[in-house]
Amino acid sequence: MDRRDAKAMIERRDEQPRRKPKASLDEARLRQQAIGVKLRQMFDEVVNEPVPDEFLEILRRADSRDSGGE
Amino acid sequence: MDPQKPDGGADPAREKAFKRELVGLIPHLRAFARTLTGDPTAADDLAQDALMKAWDARASYQMGTNMKAWTFMILRNQFYSEKRRSWRQTQLDQEAAERTLVAIDDPSAPVALDELRLGLAMLPAEQREALVLVGAGGFAYEEAAEICRCAVGTVKSRVSRARRALQAILETGAYDRDGKSAGDAMRSILADAERLSTVR
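If you're matching them up, the sequences are chains C and H in order.
Quick note, the first sequence lines up with residues 1 to 70 if you use this note's numbering.
Quick note, the second sequence lines up with residues 1 to 200 if you use this note's numbering.
Worth flagging that the hints you see were computed from the coordinates, not collected in a lab.
Take these hints with a grain of salt, some might be off.
Residues from chain H shown here face chain C by an in silico Cβ test under 7 Å; the list is partial [as the list claims (entries may be wrong)]:
| hint | residue |
| --- | --- |
| 1 | LEU116 |
| 2 | GLY135 |
| 3 | ALA165 |
| 4 | GLN167 |
| 5 | ILE189 |
Cβ coordinates follow ideal geometry from the N, Cα and C atoms, glycine included.
Kindly generate the complete structure, drawing on both the sequences and the hints.
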């Protein structure tokens, strides 16, 4: 009986390394996807901010400069 | 500062089209600058300089080509030439990270994004920009390679190293923030991603 338990334990231990790499690979992929989602969210958050007026002012100034304001 | 006039005067229709497209890119330039500097004020200064440079260089832009990549290249060049000029070069990343830390003291800010920002700030600059361009900016590896002036294979390896490093930072909580237990960031990022995917 003891021996069978020991055998079962060894078998169980043998199974684990075979299953683990796949599970952790899926897990890693999941984590990378989650990071990717967050990364895009972080970027889009700034993209969706209203553009400060100074930016458009730069182009307005450039325009009047170019059309020969002097 | 004399603006460079295109030969034989500017074509008003072309100028108008150029300007319209350039204005549409301002939000993206701001976002890219934010990831490079990590500091909103410095980022807007950088993006404004890049905008001015892009406008002044409009004669050299070929209409119909990828203007987003072209302006990102200008912004990136501007960032690195300013960085080179600065004698505090090595301190910049650290300072930006510290300012970010102060900025995120806002308790209403979403946690996972803060951690991601901090983790991103810890990556080497060339890995960070590669990951941002491909992972968030929507650029193909080839376009990112053009923007960063390196080989496509170099971009690919930088992106994959950046991904691995960022994950490791988020999992171990190696970013510089007190009172957070390791693994919290990754957990909240996973939870958020799940929530976002069920909403859509």
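Hint check:
1. LEU116: With Cβ-Cβ at 5 Å, under 7 Å, it holds.
2. GLY135: Given a least distance of 5 Å, the restraint on GLY135 (chain H) holds.
3. ALA165: Violated: closest Cβ of chain C sits about 11 Å from ALA165 (chain H), beyond 7 Å.
4. GLN167: Because about 6 Å separates GLN167 (chain H) from the closest Cβ in chain C, which is inside the 7 Å limit, the hint holds.
5. ILE189: 5 Å, holds
Violated hint: 3 only; the structure is consistent with all others.
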